[in-house]
Amino acid sequence: MSQFSPFLNRWLSAVGPDRALSTLAELMESAIVALDAEGQILLWNRGAERLLGFSSEQVLGKLCSSVIRCRKCDVRDSVAREGKIDDVSVELDHVKGGTVRVRRSARAFFDAQGRFAGAIEILRPETEPALKGIDIQAPNKAEVFHGLITRDSALKQAFQIIRNVAETDATVLIRGESGTGKELVAQALHEESHRRSRPFLAINCAALSASLLESELFGHVRGAFTGAIKDHQGLFKRVEGGTLFLDEIAELPLELQAKLLRVLQERTFIPVGGDHPITVDVRIVAATHRSLREEVKAGRFREDLMYRLRVVPIFLPPLRARRQDIGLLLQHFIDRHNLHGPRRIQSIEPEAMRVLLDHHWPGNVRELQNVVEYAFAVGRSEILRLEDLPPEFREEPILPMAAALPAAESESDQIRRALASAHGHIDRAAQMLGMSRATFWRKRKKYGL
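To convert, count from 1 in the sequence shown and add 273; that's the numbering used here.
Check the hints yourself; a few may be wrong.
Straight line, CA to CA, 25 Å or less: simulated BS3-like cross-link-like pairs of lysine-lysine [as the list claims (entries may be wrong)]:
| id | residue 1 | residue 2 |
| --- | --- | --- |
| 1 | K532 | K510 |
| 2 | K570 | K532 |
| 3 | K429 | K414 |
Calculated from the structure, these hints are not laboratory results.
Given only the sequences and the hints, what does the whole structure look like? Please build it.
This is the structure in structure tokens:
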């Protein structure tokens, strides 16, 4: 960033502060990239992160051509030669495995000797991203939304709910299994809201003891307890004007639930050991993998707090219910890893893909991400093979019914018998044979059952 400062100062001097501020306000939602004379990335804003999928930490200092991968023009050479590029339509390779068309503008900087010293690029999406092999007009087209990618209609519906509720300050409760992306959804809600310029902070309610959690949320005053040698601002104060994400809200101790309810109702709280209420303007987004209604029935959660938290519930489907997304996410994570390290994966062995598609994915997207990381660590081929997957993917399924079935009984007869024993219940029949639901369904189709 220090290399970029002289260019920024020169630009501010040239256009004046008023024009600079209005231009920056206009471009806040655009992707902005600054390059040095060699084409290395000096600046990569949030708009660029959203448009192309890379975080600034991943790309700063790298050559622009290795990240943006423009198909039709060399921006650095063009800008160095012409001094600018105005609103050119170009097609970029997208980090998530497809392409995206953008309107691209750029302005050059020159040093005191008139030599090209760098440029600022501005990218605006021209159309929705079109991922490889997907008709963008098709009803199941892929959608990319703040780092989340899906073809699943239920998740797309959740995206629309996020866009709508972001226009309000309503409290949101995100429900989903571990690894489905609850914090990403909370961040998306924050980025889509008018609070986007204020802080977004997160805390896991299951990670701390009741006393530490109370201090972390609400802060404490000096002398409130042994070791409290100075005042401490809690998350509610530090996130003023922004969004606070309370993950695993079902684990919040009962003694703190009343205090959280007070914040939601009155927008005030009292620090630990304090005696004066503090007023706050904070949006609460909570998440849980458990049913709060069941927690209320069990006496572990306050009913009044539940209703305050789930003003707008958002449900995230598990990965096993989004089977068509597995290939998309695989390509997304493979593309990320292809940019770093010694290995590049160009294709996936059919047997490995079959096993990945049939897996139950109890850890959801996080588990899939870890599987790809494992494959890159242990394999070296350009093909992702079955032996590159973690051991549990290579184990033969155990067939609990095998001992009870005649030795000569065919697979079709086993499936027929399992269906009869399970009274037509697909999940139960598949479990009896040690198969995933997808494998069981495919074999039923194969045998016409």
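Right, here's what the structure says about each hint:
{"no.": "1", "hint": "K532 / K510", "verdict": "holds (15 Å)"}
{"no.": "2", "hint": "K570 / K532", "verdict": "holds (21 Å)"}
{"no.": "3", "hint": "K429 / K414", "verdict": "holds (10 Å)"}
Consistency with the previously given hints is maintained throughout, with no hint failing.
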